[in-house]
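Asker: Reminder that position 38 of the sequence shown reads as 40 in the numbering used here, one-by-one numbering, no gaps.
FYI, nobody ran anything at the bench for these hints, they're computed from the structure.
The beta-carbon is built from N, C-alpha and C at its ideal position, and this holds for glycine as well.
Errors might be hidden in some of the hints.
Here are the computed distance ranges between Cβ atoms for each label pair [what the hints assert, rightly or not]: (1) Lys-4 to Leu-91: 28 to 36 Å; (2) Ala-12 to Thr-50: 24 to 32 Å; (3) Ile-8 to Ala-30: 31 to 39 Å; (4) Ala-105 to Lys-61: 20 to 28 Å; (5) Leu-91 to Glu-33: 27 to 35 Å; (6) Lys-88 to Ile-6: 30 to 38 Å.
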Amino acid sequence: MKKIIIYDNAAVREYKKFSREVQKNFQAHIEILEAEGKLEFPEGKRVTKDLSEIRVARKGVYRGFYAYVKRDFVVILHFFRKKTQKTPLKNIRTAGKRLKKYA
Numbered sequence: 003m004k005k006i007i008i009y010d011n012a013a014v015r016e017y018k019k020f021s022r023e024v025q026k027n028f029q030a031h032i033e034i035l036e037a038e039g040k041l042e043f044p045e046g047k048r049v050t051k052d053l054s055e056i057r058v059a060r061k062g063v064y065r066g067f068y069a070y071v072k073r074d075f076v077v078i079l080h081f082f083r084k085k086t087q088k089t090p091l092k093n094i095r096t097a098g099k100r101l102k103k104y105a
């Protein structure tokens, strides 16, 4: 089911810091999310009850958090470069705080 994508302003600023190659990979995954309404592993993965992640591996490991808001909306909340095996709790909390503006 097609979804409407909304970008948090802070997430846009984070996204713009990435290389063009990484941005293109994220954009391809976001287009799938918009058209199909979900991302399957390995492109996407549920992180918490409310948050899912977009997964990109290009000269490093990158993540973008998103959440479903209401029925037809997906809000892109946070982008970051992953530096450890486990997703840092700080990044999950950042996305969770931003989600509160939309819930």
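Asker: All the hints need checking, so say for each whether the structure fits it.
Answerer: Okay, the hints, checked on the actual structure:
For Lys-4 paired with Leu-91, a C-beta distance near 33 Å keeps the hint of 28 to 36 Å intact. In this structure, Ala-12 and Thr-50 break the distance hint of 24 to 32 Å, their C-beta atoms being roughly 19 Å apart. For Ile-8 and Ala-30, the hinted distance range of 31 to 39 Å is not satisfied, since their beta carbons lie about 19 Å from each other. Between Ala-105 and Lys-61, the C-beta spacing of about 35 Å breaks the proposed range 20 to 28 Å.
The supplied range of 27 to 35 Å is met by Leu-91 and Glu-33, whose beta-carbon atoms lie about 29 Å from each other. A beta carbon spacing of about 32 Å between Lys-88 and Ile-6 agrees with the range 30 to 38 Å that was offered as a hint.
In terms of the numbered hints stated before, the structure departs from hints 2, 3, 4, listed from lowest to highest.
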